[in-house]
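Peer 1: Here's the letter readout for the chains.
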Amino acid sequence: MGKTFVIFRREYLERVRSRWFIVVTILGPVFMGAITILPTVIAARTHTSSSLANVIVLDATGTDLGARVAKSLAATTPGATAPRVKVLTAEQLSASEDSATNAVIAHQAQGYLVLDASTIAGTGATYAGRNATSLTDITTITAMVRQNLLDMRLEKEGIDPGRVATLTSVRLDMKTDKITDKGREAGGGMASIVFGYVIAFLLYFMIALYGQNMLRGVMEEKTTRVAEVVISSIKPNQLLAGKILGVGSVALTQVFVWIAGGLAIYEFRGAILARFGIPAAAAMSVTLPSVSPAVGVALLLFFIMGFMFYSSLFAAVGAMVSSQEDVQQAQMPVTLLLIASIIFMPAVLANPASTIAKVLSWLPFSAPIIMPMRMSLIAVSWPELTAVLAGLLLACLAAIWVSARIYRVGLLMYGKRPTFRELAKWIRMA
Amino acid sequence: MSDFAIDIRDVVKRYEEHVAVRDFSLQVPRGVVYGLLGPNGAGKTTTIRMILDILEPDSGAISILGQPVRGTKVLDRVGYLPEERGLYKKMQVRRVLRFLAELKGVDGRTADARIDEWLERLQLRTAERDWGLAKVDELSRGMQQKVQFIGTLLHDPDVVILDEPFSGLDPINAQALKDTVLDLRHRGKTVIFSTHMMDNAERICDSVCIIANGEKVLDGRVADVKAEHGIRNVALALDGGSRDSVMAVLADRSLVARYDDENQYFEIELAPGADAQQLLQRVVKGGAALSRFELIQPSLHQIFLDRVGAKGVEPGMSGNG
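These protein sequences, in sequence, are chains A and B. No gaps in the numbering here: position 382 of the first sequence is 368 in the numbering used here, and each next residue is one more. Count along the second sequence starting at 1, add 339, and that's the number in the numbering used here.
Everything labelled a hint here was simulated from the structure, so no lab data went into it. Quantities reported herein were computed from a predicted structural model and do not represent experimental measurements. The beta carbon of each residue, even a glycine, is placed where N, CA and C say it ideally should be. Among the hints, erroneous ones may be present.
[What the hints assert, rightly or not] Part of the chain A face toward chain B, derived, beta carbon under 7 Å: (1) R(-4); (2) R5; (3) I8; (4) T210; (5) N337.
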């Protein structure tokens, strides 16, 4: 039995057996299910409970615009308190606004809407209320005022009110499909963005989490001096290899459990959503973007190499320090590399074809996170992908080489944290 | 096959600022208890780490049981207990032990049987409680020391290397360690331990090597080393009072080369040409009442002081472990 395997097995089993691992692994899919299902549930619930209708309409337009808007608002929440319309003159407006404000303060209304001459001119209206910061509420109210104004103008031009309703009712849903080199993919757009984001974040999360885990493990071995006993039986390089393989396998195990759990939840999404009273049709509209086996392999490679790159660096940091206090500072350079990828994620999401997105997906330290994200947003050619993977592999080997040297020397050095100059010395003398 | 358990030839180890071990050669015969003595910082731990191939010497060669340490599996036949001790805190005791055994190439089943044996032998498994199933950090410090000790011996090594094994041991564990060392010796194993406590070494070791400042000062069988240094020492104990008169005699450099106040008695090294009878007469004439006046072999501590001098002595060192 190989000694590296003995190390591997200990690293793997001790972690997989831990309560922490079991809890996180099981809670992962539950949590992910929650964040995919909850928004649907909340959206469905909040729509009916919203009190958009409970407003005061101050109509100083001299038309029936206030009554029309009130009717539309009442239609949003049938059964709720209907909007109260006050028809008044422009001079009465400021006094009425004051009393309406008091009514809102006294919780008699959610807010009040002011319609005046500028509204008729099509330039402005005012809304004041507790929900004034709610983007969706304001969007709805604005749309209603606009729609009713439009209806009113058309009727003035002599068009039959019944015709106006049919003519102006335009309910437009923009369907977005993604076009890649392979052609058109149904349901691409939004689902791709979510998928790309989830993948990138998951990669970041796992690399950071297990990188830290590696660091703590190495530090424990060093500070308890177990390392000294172990490296009297096995070369430090074998020890490091066994640790990286062991911890990496734990992370992979967790990811596979999560993927399996996620797929299961996806499979039964109809039944799960039905329990919350969501119609099956709505649930079925949630689709997963298709992942071809080749892309799947590429994603796996990015994860494995990204993990190896960072975990070997974290292992070196663990071997460098002798105390908990030193950890934060010592790991800073490595953590910064990792965080850089996260900071640029929104930029890449906004424009995956931009130069910054391209460069970040090529650099070895950010490629494991940014490239999978780019890949799920736009098409990346196979030659480019292969080149990035090859570059990452080289960077990975270099990181392992440097880390193994720091690790070897660091394990036996106690006391003060080394400076960069001393580190360079360690790398040379190892 | 080499007759030596450990054979070190002309080894040099330099660090950035200083030479840790300088032209060091050492032959440890098989089946003995061997002491590597010296003050803190003398190069003991560096030497041990080189024997275990944890550090690579800059020059020179090291072999164990006739095989070079590098590139062979001979280290699987060596057990090592480092000076600073610790174990994986959150791991179950049995699993730690099996892990350590497997690292030395012992298969799981054999390891399990031996773990049972050892746990019982060191009373870590009794009718009330099986500590083997506990996590390491649930054990007391003394118990953890026992576990570590088991880990060192689980693969039944032919050569056992203990770095400062007595430091931090409670008296019961120290006794258990001593018994085990002697038991290993009776079974033909070789035990090498480093210590800065000369007393311990003197009691247990067959042979010793004294090193200071990275260089060998002397080595050989304890009896030979002592004989070589002649019986020029006197143990003198006072029966109360008259200390001042004795101190005056001890200060006479023509009679006393050096003395060491051991509290219960003085260990006195006679000056060259001086005679023990002369000393006795002078002390008695001074009016001292004696409870002990004995010609003794010099202690290793005395020999060490003699050979290395005060410059080799550091605050961490003591003659009485």
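Peer 1: If a hint holds in the structure, say so; if it doesn't, say that too.
Peer 2: Now the hints, each set against the structure:
1. R(-4): 5 Å, holds
2. R5: Cβ of R5(A) sits 10 Å from chain B, so the hint is violated.
3. I8: Violated - the Cβ of I8(A) stays beyond 7 Å from chain B, reaching only about 14 Å at its closest.
4. T210: 3 Å, holds
5. N337: Because about 47 Å separates N337(A) from the closest Cβ in chain B, which is outside the 7 Å limit, the hint is violated.
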